[in-house]
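Residue numbers (the numbering used here), protein chains in the order written: chain E, 1 to 191; chain R, 192 to 716; chain X, 717 to 987.
Simulated from the structure, these hints should not be mistaken for laboratory data.
Be aware that one or more of the hints could be misleading.
Derived DSS-like pairs: lysine-lysine, alpha-carbon spacing no greater than 30 angstroms straight-line [claimed, not checked]:
# : chain 1 : residue 1 : chain 2 : residue 2
1 : X       : Lys789    : R       : Lys384
2 : R       : Lys716    : E       : Lys7
3 : R       : Lys684    : R       : Lys211
4 : R       : Lys716    : R       : Lys384
Label pairs and their computed distance ranges (CB to CB) [as the list claims (entries may be wrong)]:
#  : chain 1 : residue 1 : chain 2 : residue 2 : range
5  : X       : Glu963    : E       : Glu89     : 24 to 34 angstroms
6  : R       : Gly663    : X       : Val814    : 37 to 47 angstroms
7  : E       : Arg10     : X       : Ser801    : 38 to 48 angstroms
8  : E       : Glu89     : X       : Val775    : 55 to 65 angstroms
9  : E       : Glu89     : X       : Glu965    : 25 to 35 angstroms
10 : E       : Val30     : R       : Ile489    : 18 to 28 angstroms
11 : X       : Gln743    : R       : Ser206    : 54 to 64 angstroms
12 : R       : Ser320    : X       : Lys975    : 43 to 53 angstroms
13 : R       : Ser320    : E       : Leu32     : 33 to 43 angstroms
14 : R       : Gln254    : X       : Gly742    : 22 to 32 angstroms
We put the beta carbon where it would ideally sit given N, CA and C, even for glycine.
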Amino acid sequence: MSDKTSKTTRGAAKLALAAVFMFSFGYLLVPLYDVFCDLTGLRFTDEEAVALSPQELEEDTSRVVTIQFDVSMNQGMSWRVKPEMQVMEVHPGRVYTTFYSASNRTAEEMVGQAVPSVAPIAANKYLVKTECFCFDNQMIAAGETVNMPLSFMLSPGLPPNVNLVTLSYTFFDITKNASAEKQLDGVLAYK
Amino acid sequence: MSTVAAGDHHDHPESPYSIKRWLFTTNHKDIGTLYLWFAFIMFLIGGVMALVIRTELFQPGLQFVDPQFFNSMTTMHAIMMIFGVVMPAFTGLANWLIPMMIGAPDMALPRMNNWSFWILPFAFAMMLSTLFMDGGGPAGGWTLYPPLTLQTGDALPFVILSMHFMGLSSIMGAINVVATVLNMRAPGMTLMKMPLFVWTWLITAYLLIAVMPVLAGGITMLLTDKYFGTSFFNAAGGGDPVMFQHIFWFFGHPEVYILILPSFGVVSSIIPTFARKPLFGYASMVYATGAIAFLSFIVWAHHMFTVGMPLAGELFFMFATMLIAVPTGVKVFNWIATMWRGSMTFETPMLFALGFIVMFSIGGFSGLMLALAPVDFQYHDTYFVVAHFHYVLVPGSIFAIIAAVYYWLPKWCGNMYSEGLGKTHFWLSTIFVNLTFFPMHFVGLAGMPRRIPDYALQFSDYNMMATIGAFGFGLSQLLFLVLVIKAIRSGKKATSQVWEDAEGLEWTLPSPAPYHSFSTPPAIK
Amino acid sequence: MFAIKRLNAWLGLAFISVVSGSAFAGQPINMPPGVTDISLEVYNMHMIAFWLCVVIAVVVFSAMFYSIFAHRKSRGVTPATFHESTTIEAIWTIIPFVVLIALSIPATKTLIDMYDTSDYDLTVKITGYQWLWHYEYVEDGVDFHSKLQTSLSQINNDEEKGENYLLEVDNELVIPVGKKVRFLITSNDVIHAWWVPDLAVKKDAVPGFINEAWTRVNEPGIYRGQCAELCGRHHGFMPVVVRAVPEAEYQQWVAANAKPESATEYAAISE
Ligand code: HEM
Ligand SMILES: [Cu+2]
Ligand SMILES: [Cu+2]
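Could you put together the complete structure from these sequences and hints?
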């Protein structure tokens with residue numbers, strides 16, 4: 001009997017452990033999701049400059065792709081942001097630079113974060129940014145207008161049926177979070 | 192950790208009127224009874240919420256409730272019915288039946304069994320209390336999608352906490368079932384001799400242990416996003432609101448099978464009894480259940496076809512979903528083959544089981560249509576989906592639970608229920624359930640979105656019909672209550688066999704079943 | 717006892733008449749075939765899937781009801797004892813499998829078409845707000861909000877409800893017929909979904925992310941839809957209305973509504 005009891009207890013403990021593991025697995029889904037997105041090109045996850053390999057830098061002048069620049073403001077974001085150009089015709093394999101201008105017409109200093117998104121989904125993987133205002137948050141003083149540069153390239157692997165790519169940025173107002181972070185940094189520094 | 196119950200208690204229960212008996216009981220039958228009554232009470236509360244919804248939708252225009260309250264009714268109704276009715280009712284059945292079916296004296300972990308039940312009343316009291324909080328109850332749908340759900344007022348942490356409790360309760364219940372099935376079977380009761388109800392529950396229990404914690408993780412992320420500055424689902428901080436949907440449905444699709452697999456077990460017990468013929472394809476039923484459980488982990492994104500997935504993802508989830516319909520179909524074919532050339536009678540449990548087969552299949556058919564991704568663009572988030580899941584859940588899961596109650600009630604309380612009234616209950620339920628949910632296919636196809644408190648004029652006739660059906664269905668269930676109470680208090684004495692050709696260890700016990708079932712293991716043929 | 721039996725017989729009859737009667741109320745009960753090639757394909761696939769289900773249902777339920785009729789104890793039959801047949805089980809696993817795969821093939825084709833946004837003629841950016849839509853004609857420089865026009869007194873039942881109750885907006889989305897219109901869909905706050913049944917376009921509007929969809933309308937007309945994803949209190953009150961007009965009429969409409977100043981602003985910045 002006691003043998004059976006301890007077997008039962010051990011079995012139950014294992015199952016409880018499995019449940020705990022699955023709880024962690026829920027969190028593990030977060031990095032897994034990123035990996036999945038990178039593989040399928042579903043979303044941008046690494047927001048940092050990408051080093052380009054030489055063969056990627058082979059310009060394909062025989063091909064012209066239209067790039068459309070777009071911008072949205074999220075709820076509560078009052079900046080006016082415009083792309084320098086609405087559309088550009090580009091060759092895959094060449095780095096181009098353009099900029100977005102943003103103005104903060106409020107009386108307060110504000111911090112914004114731009115989140116990029118690409119359509120069609122199939123083009124996502126092939127739009128490579130070497131420099132982008134979206135890598136960091138942007139601070140704009142009251143009433144100021146700034147020009148924010150963007151350097152990008154379409155890598156030559158872009159599927160042949162894609163002749164139009166839309167690059168869209170949504171700006172979020174993160175002034176509150178940013179100031180909270182700064183305070184926290186201050187506290188840590190003081191220590 | 193508590194130990195095996197056999198013999199460590201006095202043999203007779205205290206009086207049923209003693210509160211202490213129910214609070215501290217570790218007896219699987221007492222706990223089963225508690226679960227079942229709890230589920231019934233939640234069924235009434237969730238049912239009243241459904242009637243609030245249907246009342247507002249009786250006619251176009253806003254008549255009775257504020258749209259925000261309407262949204263919290265749809266949200267709460269779903270949470271009550273899923274976590275408060277179907278899941279506890281199944282756990283109640285498992286408690287009552289599994290030990291008797293495998294020749295065990297009790298559940299393996301009786302003390303934990305007590306906790307896993309008593310968590311529930313607190314969890315649901317907390318959930319219901321959020322309706323009275325500042326900002327109202329949760330109103331973002333039972334799917335809790337951010338960012339909308341993050342707009343909930345003071346209620347959010349309480350909603351999440353109570354869902355944690357519900358999850359904890361069902362995980363404990365599931366661990367208990369697995370421990371019982373794996374360790375407590377009478378000698379000779381091999382796995383492939385177990386009744387299908389035990390098999391389906393065993394697989395359900397594994398599903399529960401696998402996915403309830405994932406839900407817990409997801410809703411914890413919601414909580415920390417709202418109150419602790421994380422940004423799992425906030426694009427500004429590098430997160431993604433769509434990721435929540437992936438996490439939710441990774442839980443959610445196995446969850447819908449959690450809500451149906453034990454019903455398959457119930458129906459697989461009832462049909463052979465009243466067809467007087469053994470279940471057709473026992474082994475394939477077991478494999479089909481396993482296949483469904485496995486496949487249920489790789490189809491989740493069929494709930495997200497319109498969210499903007501890569502083409503390859505869309506195709507993968509479409510094909511996988513198509514696949515899952517196959518083992519589901521196999522089950523239906525097997526039940527019909529069981530009936531084929533049997534010698535059938537149609538007592539109430541059989542009627543409900545037959546109703547289950549037909550109407551669950553209707554839900555399966557609409558599921559199949561929903562699986563076609565490009566067509567789902569038209570169906571998604573309309574009343575067509577509402578019709579689909581109500582067909583699989585109401586004349587599906589709920590009918591199976593009702594069938595189970597009729598079937599085993601004489602064993603539980605020792606008295607027969609009134610057969611005539613039982614049949615009336617069946618016909619009323621069947622008429623009204625169809626009157627309620629069939630027209631929802633029509634309005635859904637014609638373009639009515641789900642979760643709206645008011646609608647365009649071309650949807651009015653069928654909405655009116657659905658509302659009438661809903662009231663009829665709700666009232667019919669009161670007849671069920673009366674019938675059950677009558678049977679408990681009086682009625683023709685049941686034999687131990689109860690049904691002429693019922694097979695299984697539970698029928699070898701006297702009716703009502705003794706407080707402790709198999710103190711010495713029975714001999715298995 | 718006899719009375720209850722009679723009652724039950726009547727209930728059985730009532731059930732049958734309810735099921736058959738419900739199809740005669742005269743309001744729409746099916747998906748519209750719509751006004752685009754894609755919507756027609758979708759409609760056809762829906763009907764094929766539906767009839768397939770009907771056929772399977774007829775076969776399976778006939779077997780079941782025949783059995784209920786013929787194999788009942790009251791007819792004095794003795795039950796058979798068979799409970800297995802690998803052949804039959806293999807057959808009814810494989811046949812559905814093949815049928816379902818066959819069903820998925822046209823679906824795959826349509827899906828690929830739906831994802832192909834190349835060679836478009838114009839782009840409209842759609843942004844969902846709690847609780848209205850914003851439309852921006854990217855190339856043509858027109859942009860405006862579009863919100864519910866039904867009066868509160870109609871909603872509160874103080875006034876008779878109009879024909880397009882809840883499906884009418886102040887500014888309709890005007891598009892040219894015969895042209896491939898590409899939609900970029902996003903949201904300002906929570907998730908919404910932009911849906912017009914006649915175009916068979918439904919796509920979620922997710923904040924921080926743009927989704928793509930497209931349509932090519934074959935017939936001029938007004939097509940109505942609604943937000944399909946729960947987005948809060950007034951989710952039921954943010955309709956979509958699309959007016960498809962001939963190309964020439966569209967150009968006139970653009971000329972009358974374009975805002976030249978947005979173009980000049982671009983010029984000023986890029987100097
Ligand atoms: C033949 C098997 C089935 C198939 C192929 C199937 C397919 C689907 C699909 C594709 C959807 C998503 C529809 C949409 O939102 O656009 C769905 C929704 C749903 N299904 Fe099924 N289904 C099946 C069986 C079941 C069963 C057995 C249950 C539960 C007992 C169930 C419960 C649900 C629920 C609750 C939803 C809606 C969830 C929500 O959005 O709130 N389904 N089903
Ligand atoms: Cu699912
Ligand atoms: Cu909405």
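Now the hints, each set against the structure:
no., hint, in the structure
1, X:Lys789 / R:Lys384, "holds, 27 angstroms"
2, R:Lys716 / E:Lys7, "holds, 26 angstroms"
3, R:Lys684 / R:Lys211, "holds, 29 angstroms"
4, R:Lys716 / R:Lys384, "holds, 10 angstroms"
5, X:Glu963 / E:Glu89: 24 to 34 angstroms, "holds, 25 angstroms"
6, R:Gly663 / X:Val814: 37 to 47 angstroms, "holds, 42 angstroms"
7, E:Arg10 / X:Ser801: 38 to 48 angstroms, "holds, 42 angstroms"
8, E:Glu89 / X:Val775: 55 to 65 angstroms, "holds, 59 angstroms"
9, E:Glu89 / X:Glu965: 25 to 35 angstroms, "holds, 31 angstroms"
10, E:Val30 / R:Ile489: 18 to 28 angstroms, "holds, 19 angstroms"
11, X:Gln743 / R:Ser206: 54 to 64 angstroms, "holds, 58 angstroms"
12, R:Ser320 / X:Lys975: 43 to 53 angstroms, "holds, 52 angstroms"
13, R:Ser320 / E:Leu32: 33 to 43 angstroms, "holds, 36 angstroms"
14, R:Gln254 / X:Gly742: 22 to 32 angstroms, "holds, 23 angstroms"
The structure is consistent with each of the numbered hints, conforming to all of them.
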